[in-house]
Amino acid sequence: GIQVEQSPPDLILQEGANSTLRCNFSDSVNNLQWFHQNPWGQLINLFYIPSGTKQNGRLSATTVATERYSLLYISSSQTTDSGVYFCAGKIQGAQKLVFGQGTRLTINP
Amino acid sequence: DGGITQSPKYLFRKEGQNVTLSCEQNLNHDAMYWYRQDPGQGLRLIYYSQIVNDFQKGDIAEGYSVSREKKESFPLTVTSAQKNPTAFYLCASSIAGRDSGGYTFGSGTRLTVV
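Heads up: the sequence lines are chains P and L, in that order.
Residue numbering for the first sequence follows our numbering, beginning at 53 and increasing consecutively.
Residue numbering for the second sequence follows our numbering, beginning at 3 and increasing consecutively.
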């Protein structure tokens with residue numbers, strides 16, 4: 053089946069820093085999404101981004117579908133950005149959304 | 003506000019017991035999903051349903067059962083056949099079809115075997 057690789061697995065930064073999280077897919081995907089899981093376990097959908105670039109405040113995401121990767125950018129990090137970030141996608145024609153293992157981000161004050 | 007409600011937040015199960023986790027959505031979504039998350043891991047698909055009265059096994063369906071009698075509801079039963087049920091369970095919904103758009107998740111149920 054499809055493999056979803058996220059990097060880095062862990063990232064520790066000071067408040068105010070910028071960061072880039074990466075998601076690589078082993079096959080062509082659609083329905084690519086980024087999620088943030090907070091310390092209480094809630095998963096929040098950040099972006100639905102099958103291709104192109106989207107921005108929402110301090111967060112932005114870019115997907116290059118032809119090269120099978122997506123990037124999540126976080127600027128001017130805040131402690132509330134801490135948590136685990138997941139990317140997920142579907143293989144062409146499939147019904148199942150497959151998740152990566154996540155990047156654990158820790159923002160220190 | 004539309005959303006997904008999972009209950010209970012915490013659940014304790016004795017060995018040999020069946021337990022049912024509730025998932026209700028008012029987003030008018032046709033598709034619903036159950037995922038399992040183990041500590042430090044990603045999410046794995048248990049079951050999904052694209053339409054009422056129909057559902058399919060995901061990657062780890064053994065020891066679980068579901069029903070989809072109403073569009074709004076997709077309960078998950080963890081049976082005694084599931085040998086390692088302690089985990090965090092997440093329910094999600096989306097529009098149906100290949101281009102399902104973004105998924106919306108509930109706040110999860112943490113199940114512990116005692």
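Careful, some of the hints might be misleading.
Claimed, not checked - DSSO-like cross-link-like pairs, simulated, lysine-lysine; straight-line CA separation at most 27 angstroms: (1) L:Lys59 with P:Lys148; (2) L:Lys72 with P:Lys142; (3) P:Lys148 with L:Lys72; (4) L:Lys16 with P:Lys148; (5) L:Lys85 with L:Lys11.
Because the hints were derived from the structure by calculation, they are not lab data.
Structure-based check of each hint:
1. Proximity of L:Lys59 to P:Lys148 is assessed by CA-CA distance (about 10 angstroms); at most 27 angstroms being required, the pair is judged to hold.
2. Taking the CA atoms of L:Lys72 and P:Lys142, the gap is about 26 angstroms. The hint holds against a cut of 27 angstroms.
3. Distance hint between P:Lys148 and L:Lys72 is fulfilled; the C-alpha atoms sit about 21 angstroms from each other, no more than 27 angstroms.
4. A distance of roughly 31 angstroms separates the Cα atoms of L:Lys16 and P:Lys148; the hinted pair therefore is violated under the 27 angstroms criterion.
5. The straight-line distance between the Cα atoms of L:Lys85 and L:Lys11 is roughly 21 angstroms, inside the 27 angstroms bound, and the hint therefore holds.
When held up to the earlier numbered hints, the structure conflicts with hint 4 and nothing else.
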